[in-house]
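Taken in order, these protein sequences are the chains called A and B. All residue numbers for the first sequence refer to the numbering used here, where the first residue is 112 and numbers rise by one. All residue numbers for the second sequence refer to the numbering used here, where the first residue is 1160 and numbers rise by one.
These aren't lab readings, by the way, just hints derived from the structure by calculation. Just to be clear, a hint being listed does not mean it is correct.
Label pairs and their computed distance ranges (CB to CB) [unchecked claim]:
{"hint": "1", "chain 1": "B", "residue 1": "Arg1384", "chain 2": "A", "residue 2": "Glu121", "range": "55 to 65 Å"}
{"hint": "2", "chain 1": "B", "residue 1": "Gly1169", "chain 2": "A", "residue 2": "Pro157", "range": "11 to 21 Å"}
{"hint": "3", "chain 1": "A", "residue 1": "Glu359", "chain 2": "B", "residue 2": "Pro1461", "range": "27 to 37 Å"}
{"hint": "4", "chain 1": "A", "residue 1": "Glu121", "chain 2": "B", "residue 2": "Thr1263", "range": "47 to 57 Å"}
{"hint": "5", "chain 1": "A", "residue 1": "Asp196", "chain 2": "B", "residue 2": "Ile1359", "range": "30 to 40 Å"}
{"hint": "6", "chain 1": "B", "residue 1": "Thr1361", "chain 2": "A", "residue 2": "Lys302", "range": "13 to 23 Å"}
{"hint": "7", "chain 1": "A", "residue 1": "Asn246", "chain 2": "B", "residue 2": "Asp1330", "range": "54 to 64 Å"}
Think of the CB as a built atom: it goes at the ideal place given N, C-alpha and C, for glycine as much as any other residue.
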Amino acid sequence: MKKYDVHMLELVEKSEIAKNIFDFKLKNAQIAKITEPGQFLHIAVPGMVLRRPISVCDVTDDCIRIVFRIKGDGTRRLSEAKKGDMLDVLGPLGNGFDIEKGKTYAFVGGGIGVPPMLYSAKRAEKAYAVLGFANKDAAILCGDFKEAGCELFIATEDGSFGVRGFVTEPLENIIDRVDGVCACGPIPMLKAVAELCRKNGKPCQVSLEERMGCGIGACLVCACKTHGENGDEYKHVCKNGPVFNAEEVAWNG
Amino acid sequence: MADLSVKICGVTLNNPLIAASGTFGFGHEYGELYPLSTLGGISCKGITLLPRLGNPPPRIAEGKDGILNSVGLQNPGVDHFINDDLPWLMRQNTAVIANIAGNTVEEYCQMAERLDDSGVDMIEMNISCPNVKHGGVAFGTSCESVGNITKQVRAHCKKPLIVKLSPNVSDIAEIAKSAEAQGADAVSLINTLTGMRIDIETARPILRNNTGGMSGPAVFPVAVRMVWQVKNAVSIPVIGMGGISSWQDAAEMLIAGADALQIGTVLFNDPYAPIKICKGLNDFLDKKGYKSVSELTATIKPW
Ligand SMILES: Cc1cc2nc3c(=O)[nH]c(=O)nc-3n(C[C@H](O)[C@H](O)[C@H](O)COP(=O)(O)OP(=O)(O)OC[C@H]3O[C@@H](n4cnc5c(N)ncnc54)[C@H](O)[C@@H]3O)c2cc1C
Ligand SMILES: Cc1cc2nc3c(=O)[nH]c(=O)nc-3n(C[C@H](O)[C@H](O)[C@H](O)COP(=O)(O)O)c2cc1C
Ligand code: FES
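If we strip away everything but chain B, and leave its shape as in the complex, we get (with noise of 0.2 Å):
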């Protein structure tokens, strides 16, 4: 038995999955089939300061090894979160992660500060969403305004502040860095790419937003990518993600440099993924005698 637990900015995980945001709700519904301390940790929904209604349906469209959603951060709010879906979230013992995403610098600040006198163990900065009108990506694209992002919602907050990074950039490793150097403690990449799927018989677009954020196997290849250059640009952890669906997806990531990992989309098709991901990672681990999984990350050897 290696030991699968990591320790990520001071926070111990029972092991390096994590159920990725927008996925996995607050919990209880996958809390329904397997207690939650199967995971290493929960990233919830994405809150912003007040409750969104979200975008029409249809939200989802597949996609050849992949999927397209634009749910639009449809949640119930920061407050409700807290006095509402956190308690019951904190007795699971797994990690909570809340996942912030604002209109503005000030709303990212003001749910920082929040959280930070909250049980959550990190915060996720997600200015990375494809599917807002304000915001969102807009706060992800450029070294300038993460770094400046970063650094506001640092002063704001103690808890440990992750940084989730847009795939929609030309240079990632860059804007891995600007955060770094602005006081975030880890980076989480990717959220979803940009994408589109539109019914030939009528042209229109299948999802109601146009376009949607593109997540599940397809996207993996890119994520892998992205998630050793950006190891390679900076020293804090780095969480890898992006159509992780099996053991070999696991491990390969964590070669790539990852530290932690968060699963998303096959918890669609397999809600017990996680499980079977943990055991698969477990032999590996043994057959290659290595003793615990973070002597995994990084062992890379790039040509």
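With the rest of the complex left out, here is chain A (with noise of 0.2 Å):
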């Protein structure tokens, strides 16, 4: 079995769970088998150049779900596919979180970041989920986290849901009693995530964004600069990442 490939999938389910917020089911067995959470799907979107990178959501059986806002031309055409559709899609993508077994982390999602935390959370054996987003109309998949068994805390900048206020706040008052932290969301977000980890001694991983090309590691476009041995170098998000760990991230690169 290739590590990655150019596989089809089903569009079988489909629903707008928030303004501009898309809820897709994608049907193919064999590329649901060896996702892992974390990992990415490149999607081909007719009329346009490049693949579109979306974060795995969910496997269940023989289904990957994607969850992703509209942003531009792309992501717009990418909504208007149809049930039963098939989507060209080059995958899985990347290195997803590395969750221990027997330990407990809190997966941090901020906005349009936290899709990808819920397979993720799945994975571990014990999960907090601390959700960050802009109001009460913008909160996604709280519902999913709950069913799969997480301790739930949330965030909205104006209050309408949960507390007021950034996801470091509650993030701050469980971070005692969890392994690791896992997080992706907004530059800003990250950072606060990943300050916050340092002074507290938990490890840190954070899923990364870049404009991507060939999404395998071969075009070196999507770059995000990085501590190495020898000093401040570029690796690559869809190789090397999307998840890196934090203490690794040359923030203001």
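Combine both chains into one complex, guided by the hints.
Printed below as a string of structure tokens:
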């Protein structure tokens, strides 16, 4: 079995779970079987030169679930796919979260960074989910995390749901109880989470985004500055990531 | 079954499709999908004398039917290439082309000399990279500097020397002639066209380098025109590239005058493009009654 390949996935379920945020269930047993938490799919969008990278949100039986927000033309066209359509997917790609057996983790997601945390949280023996949204209407997947057995903490910027403020506040309250933290979301959030983990001596893994070409490590466009043995260097989000150890990331690169 | 193999500067390629430099790394990643012997050759990621970090991200932007990149020659350096990447590549049953770039003529010469003692099949001299501050495209934009650098590098290497031409010039045929006159064994074209995209909300260029090199289907007509002009001007082999994304494009580029082809950007959308293009070309040759793909080269009947 190839590590990654071009697969055709059938769109079997589709819904808009919040304004401009779509939830797709894609069927193909072959790729579902080998997909790990935190990996991503590189999806061809008809009429566009580049594929679009979208994280794996969940895997159930022979289906992969993705949740994405309309950002520009590519994601808008993707959102227009109809039930029964076949999507051309290169994947599964990248290195996911390293979830060790018997350990407790906090899974921290901000906005559209929430989806990749779901399948990851399911892998952990015990999981806290700390999710941040702009407001109540933008909140997604809260029920799914509960169902997955996570202890749930929610923060919204306007206080319309959960506590008012950022994810770092609820995270600070529980950080003593976890062995490690996994996070995905906007860079300022990731930086703040990484800093909190550093202060508390907890290992922190972050999932990063960068514009991509090939998606497999050949074209070197998806660069991310990291601290290497011989000084700073550029690693590649598609092949070395998207998940990195937070200490490795040169945040101001 | 037509014969798809082609012979360029004494090197036989399995078929006319070579992976374009910078889009295929050193082959490992696409090698997970299919044997690299599927390709006629691999033009490796551009290498420099010393390792290079490359430019800060974002390094890629999209346009209608094309992309811009500003990778800036991130690479591990010529010695790492020879010691760590080349031995594996040489076992893949495909021609290996080293693509070199330098800050100075001396650097090109030093690299050519080291590669001359290595197992690479050919050397492609990139004097057309738009994404680096020193050297790069500056060597490739006047007949005088192209002639000069070709002459000097030629003196340092016996391997087949391909000079890769920039489209960012006023008369590419004249440049090709200078390269031929000073000893180039072949020319390849086109490298990327300089371009730019700007985010209208922030007024910031998408690329951190502000400008980048454009490739993909949008540049194809420009590439066809340039390959045709160059083929008319020189008698050394011409390797055509720029926006090829289907077997029809491949056939068109051959008809315009290409002896072999390179494909790059299309791989990002369809990693299996080489297989599809070869199959399509083969069927086309059969239908047209050609025995060998080389018979198609330069069959253009211009008005
Ligand atoms: C590893 C990874 C996982 C991702 N997972 C998800 C997810 O689960 N859900 C989700 O909604 N979004 C996700 N994204 C972001 C998503 O890829 C972009 O929103 C999308 O590519 C935008 O395309 P567009 O044509 O709609 O937007 P445009 O802005 O028009 O895109 C123009 C170009 O820029 C690229 N681009 C723009 N924004 C981004 C970005 N943030 N990251 C990478 N490339 C970008 C596009 O791919 C395209 O090539 C992920 C990105 C990466 C790198
Ligand atoms: C991401 C990327 C990196 C590239 N890097 C190099 C390089 O290192 N050396 C080089 O000579 N050309 C480089 N090129 C140019 C290609 O080899 C080729 O000339 C160009 O992309 C046109 O072909 P295409 O439209 O099929 O991609 C690069 C192109 C891309 C898209
Ligand atoms: S997208 Fe090509 S190396 Fe990451």
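Hint check results:
| no. | hint | result |
| --- | --- | --- |
| 1 | B:Arg1384 with A:Glu121: 55 to 65 Å | violated (43 Å) |
| 2 | B:Gly1169 with A:Pro157: 11 to 21 Å | violated (43 Å) |
| 3 | A:Glu359 with B:Pro1461: 27 to 37 Å | violated (57 Å) |
| 4 | A:Glu121 with B:Thr1263: 47 to 57 Å | holds (56 Å) |
| 5 | A:Asp196 with B:Ile1359: 30 to 40 Å | holds (31 Å) |
| 6 | B:Thr1361 with A:Lys302: 13 to 23 Å | holds (20 Å) |
| 7 | A:Asn246 with B:Asp1330: 54 to 64 Å | holds (60 Å) |
Checked against the numbered hints given earlier, this structure breaks hints 1, 2 and 3; the rest are met.
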